[in-house]
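Protein chains in written order, with this note's numbering: chain A, 87 to 239; chain B, 3 to 189.
A few of these clues could be false.
Claimed, not checked - FRET-style restraints, in silico, Cβ to Cβ:
hint	chain 1	residue 1	chain 2	residue 2	range
1	A	Asp147	B	Trp66	25 to 31 Å
2	A	Ala174	B	Ser147	44 to 50 Å
3	B	Asp5	A	Arg152	22 to 28 Å
4	B	Glu50	A	Ala202	25 to 31 Å
Stated by the list, open to error - Where chain B lies over chain A, by a calculated footprint (3+ residues, C-beta under 8 Å):
hint	segment
5	90 to 104
6	126 to 137
7	141 to 149
8	155 to 165
To be clear, the hints were calculated from the coordinates, so they are not data collected in a lab. On a predicted model such as this, the values are computed, not experimentally measured, just so you know. By construction, the Cβ of each residue, glycine as well, lies at the ideal position given by its N, Cα and C atoms.
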Amino acid sequence: MTLNRLQQVAEAYGADPRRWPAAERQALEPLLAQHPAAHALLRGEQNLDRLLDGWQVAPPDWALERRIVAVAAMAGQVRPVRPWQRLAGWLELLWPGDGLPRGRLLWPQVAGLAAAAMIGFLVGISDFGAFDQADATGLDDALTGISAVGNWQ
Amino acid sequence: MHDLSDEGLMANIADGDRGAFQHLVERHLDRAVRLAQRIVGNRSDAEEVVQEAFLRVWTTAPRWRLDGALFRTWFSRVLVNLCIDRKRRPGFAPLEAAGDPPDPAMGAEQRLNQSQEAAAVAAAVAELPERQRAVLALCYWQEMSNAEAADVLSLSVGAVESLLVRARRTLRVTLKARLGHAMEEKL
Chain A
87 MTLNRLQQVA EAYGADPRRW PAAERQALEP LLAQHPAAHA LLRGEQNLDR LLDGWQVAPP
147 DWALERRIVA VAAMAGQVRP VRPWQRLAGW LELLWPGDGL PRGRLLWPQV AGLAAAAMIG
207 FLVGISDFGA FDQADATGLD DALTGISAVG NWQ
Chain B
3 MHDLSDEGLM ANIADGDRGA FQHLVERHLD RAVRLAQRIV GNRSDAEEVV QEAFLRVWTT
63 APRWRLDGAL FRTWFSRVLV NLCIDRKRRP GFAPLEAAGD PPDPAMGAEQ RLNQSQEAAA
123 VAAAVAELPE RQRAVLALCY WQEMSNAEAA DVLSLSVGAV ESLLVRARRT LRVTLKARLG
183 HAMEEKL
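Let's have the full structure, built from the sequences with the hints guiding it.
As structure tokens, then:
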């Protein structure tokens, strides 16, 4: 550690070694005893420290604490959104509520959506016979990329 | 509850425990108001910012994750960001920043000097760029380590040190001008 570093530290953190970075404090403090010039370096910083210490801020009025607690009591908390809550939110967007309780409104809609999906699935299965083998192979290749892999080899 | 760490209190607050919230407010209110007032420069704005920061603690506690950071660091970050936002608002009027009245046990002249010096420091700090003001408030008055202040402000330790040097140099020049020749030789 050098006087140069002592000056840099004092210019940043002030003259009081208790404010200096802990990792450097032990190495810098002996310089104060060894070099009279070190004290001169700190003198200007000591005066600035004295001025900064003179700006005191009054402690808070405890009415503020009561106000903060009262305001929080009126506010809700933001809870993490679960996946099923997200799904419910999307359904709510599709079928906005009309004033009925949410649970009662939602279930018939979910049942309707599931029934529509099932009908679509059944219709899709019954139509598979219309595909010829070439179409089916082409579709399969397109989905898995097998043909492309074959071309690389 | 008094034995619980800040992080333990946050876990209880996440479950809606209002007692834990009140305890956390009691523990950090004094420090928060002092930090906010030194950044925004006046008491009424400082109290509003602190109230908003604590409300954020309450509302977001269920989603708060430790992520290796201490509550104190996270809360200081919230508070400093709110202070900076407040100072950026159009029409913000900073000063009323003289702070505590001087000690009545002093002589009249000494009291006047101390009061003038405190007002000069408050005004000079209010003129600093926001990051210099924040870093000075954290490292000097809150006595945070440079590493913790760097974490609060999302800066490197080197950047914190550089901001501190610039802040103190600017203050020295400004205070010489404000306090006149009496301080010229000392600073």
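Hint check:
1. Asp147(A) / Trp66(B): 25 to 31 Å: 28 Å, holds
2. Ala174(A) / Ser147(B): 44 to 50 Å: 47 Å, holds
3. Asp5(B) / Arg152(A): 22 to 28 Å: 24 Å, holds
4. Glu50(B) / Ala202(A): 25 to 31 Å: Roughly 53 Å apart at Cβ, these two residues miss the hinted range, so it is violated.
5. 90 to 104: Result for this restraint: holds, n = 5.
6. 126 to 137: Contact hint for the segment 126 to 137 of chain A vs chain B: holds, 5 residues under 8 Å.
7. 141 to 149: holds (count 6)
8. 155 to 165: The restraint on the segment 155 to 165 of chain A holds, since 9 of its residues have a Cβ under 8 Å from chain B and three suffice.
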